[in-house]
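Chains as they are written, first to last, in the working numbering: chain D, 14 to 352; chain W, 14 to 352.
Once the Cα atoms are required to be at most 20 Å apart in a straight line, the calculated PhoX-like pairs of lysine-lysine come out as:
no., chain 1, residue 1, chain 2, residue 2
1, W, 261, D, 258
2, W, 32, W, 313
3, W, 258, D, 262
4, D, 278, W, 258
5, W, 261, D, 262
6, D, 278, W, 278
7, D, 258, W, 278
8, D, 261, W, 262
9, W, 262, D, 278
Keep in mind the hints are simulated off the structure, nothing from the lab.
Protein chains: 2
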Amino acid sequence: MRIILDAFGGDNAPLEMIKGAALAVKEYGHTVILAGNEATIRKVAQENSIPLDGMEILDCDDVISMHDAPRSLLREHKNSSMAVGMRALAEGQGDAFVSAGSTGAIVVGGTFIVKRIKGVSRAALAAIMPTQQGPAMLIDSGANVDCRPSMLHCFAQMGSIYMTDVIGGGKPARVGLLNVGTEDTKGGDLQLKTFELLKNSNMNFVGNIEARQVPYGDADVIVADGFSGNVLLKTMEGTAEVLMKSIKKAFTANIFTMIGALFVKGQVGGIKKSFSTEEVGGAPLLGVTKPVIKAHGNAKAFAVKNAIRVAAEFAAAGVVEKIEEAVAANAEEGQADGE
Amino acid sequence: MRIILDAFGGDNAPLEMIKGAALAVKEYGHTVILAGNEATIRKVAQENSIPLDGMEILDCDDVISMHDAPRSLLREHKNSSMAVGMRALAEGQGDAFVSAGSTGAIVVGGTFIVKRIKGVSRAALAAIMPTQQGPAMLIDSGANVDCRPSMLHCFAQMGSIYMTDVIGGGKPARVGLLNVGTEDTKGGDLQLKTFELLKNSNMNFVGNIEARQVPYGDADVIVADGFSGNVLLKTMEGTAEVLMKSIKKAFTANIFTMIGALFVKGQVGGIKKSFSTEEVGGAPLLGVTKPVIKAHGNAKAFAVKNAIRVAAEFAAAGVVEKIEEAVAANAEEGQADGE
Chain D
14 MRIILDAFGG DNAPLEMIKG AALAVKEYGH TVILAGNEAT IRKVAQENSI
64 PLDGMEILDC DDVISMHDAP RSLLREHKNS SMAVGMRALA EGQGDAFVSA
114 GSTGAIVVGG TFIVKRIKGV SRAALAAIMP TQQGPAMLID SGANVDCRPS
164 MLHCFAQMGS IYMTDVIGGG KPARVGLLNV GTEDTKGGDL QLKTFELLKN
214 SNMNFVGNIE ARQVPYGDAD VIVADGFSGN VLLKTMEGTA EVLMKSIKKA
264 FTANIFTMIG ALFVKGQVGG IKKSFSTEEV GGAPLLGVTK PVIKAHGNAK
314 AFAVKNAIRV AAEFAAAGVV EKIEEAVAAN AEEGQADGE
Chain W
14 MRIILDAFGG DNAPLEMIKG AALAVKEYGH TVILAGNEAT IRKVAQENSI
64 PLDGMEILDC DDVISMHDAP RSLLREHKNS SMAVGMRALA EGQGDAFVSA
114 GSTGAIVVGG TFIVKRIKGV SRAALAAIMP TQQGPAMLID SGANVDCRPS
164 MLHCFAQMGS IYMTDVIGGG KPARVGLLNV GTEDTKGGDL QLKTFELLKN
214 SNMNFVGNIE ARQVPYGDAD VIVADGFSGN VLLKTMEGTA EVLMKSIKKA
264 FTANIFTMIG ALFVKGQVGG IKKSFSTEEV GGAPLLGVTK PVIKAHGNAK
314 AFAVKNAIRV AAEFAAAGVV EKIEEAVAAN AEEGQADGE
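Build the full structure now, drawing on both the sequences and the hints.
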């Protein structure tokens, strides 16, 4: 596989990107194509004794930052590492693309450079979240604040295909609709209409799911509009952060707790790890014509390596082709929002 | 103060309700009026040696359960302990009402028995959540799934008055609007229009707040539509539950972690307590003509006692009267949704 990596996206670029690329080359044998300033990449690699074997470089000068408007990727920053990498992907120079850069810019680039699949009205950023039963997908996680029922139906299809084929090893993913209660009649207009669409689909729809059940892992795909999806994702992150900080503080309260902490530290570290996005490998952008993975903004080498692995699995599973088929079938059924 | 208590609402009724009432009588000197079957109350009290001093009983036979339709409170279950208690409140037999029963039924009873304040289009259930900086209010937390900007403005006013006068000791509460980012231009139509209303109000509006910051306590009042508010509240509960369970499991992993746990148990218990709704005392129903407090469905005596205390503080602070004044001022300003 040939994976294109935005070498200048994210808080720890380019060093951790190059390190992660080297780990992926060594461990998986993929070719990694680094998009970014060649001179800087070679200098950083040399200074840190990172071999560039199995890598290629797409030389460019510019970088798009978190503070730039996402749309500037198409004009002012069309020569940024992200834009250059995405154009190379669209032209077929690689099988998948990974960036830890601006989320908004990735959605813009996916939509207008890589381009949407025909019949998909909006690309969705699908967050992969840790749960008690392994990773689950939240789709949409913030790209689309206002949604229609047909959009949520499409998100469910795309998420179901990804989670079944890339993460679940072929086991049909359980699809749940985020709602304020589990009864069929819960929610507003958007949820009621989406419920009907999902109930009448051929997906493994398990009904409405309350936010409280998400961390327990009661569904593999949680379908939501981008507003409430973002609230769910961010609340989970914030709550886990505040709790883990409180526990760390509790461990250093006095000499007795410090001794106690020595014994339990390993186990609690394991919990932190199981609730970490580092392990999961990144969020897929679904609904575009090639595999795009968004790595966490603060991703380090280990997370970058995992994101490259997941990007390759995304490409190998033929997810894009399966989404194309599913969406084409919607069009034949004349699916509409019933409004 | 005379506080009316639904003695048959919640998972642990009537025993824990009666116990909690006895604690409140003893500790605060309030009179507690128990709504529910008198024979059963007297029998349970006697069997458990709970003195009924300082209590009165409103005898009735029926109970509304979690499985009954909320609306049935007004007809089939109009002689339930909740309906009888709320009618007594409306008639002025008590200063405030507490129930651990069905949330939906409490909202229906508040709206149609206790009745809305003139100018308030919807009553809001305001959850009180633990944060790193003390309790914060989430309004609405699930009663109103579809909201208009003027409703969120009213929720903000009511929440601000409650948090300033009942919880904050007069310090103006920081009001934040739940959104997908902190910039003024974030969110959908509902958030953009509400932002303008709040910015031009006389409240201590601190702007948009992301869900991630809520557990850190960056606002005292978090204003949200009932759908995303419910997602926030339930995600926080679910995440904290799953994390604390994982930690408990980690402590019992082997003999060494069990020894370690002995040292840190007290401190970690403190965290659990600080993230517990038991301590906070219940969720106020705001926008109705008398103080109504919803205690947690699984409330035990200690939580019931706290809910009674909070209900009395709610009444003493004159919150209802202040909301009446604020809402009357809106009408004078000819406030509308600008749609």
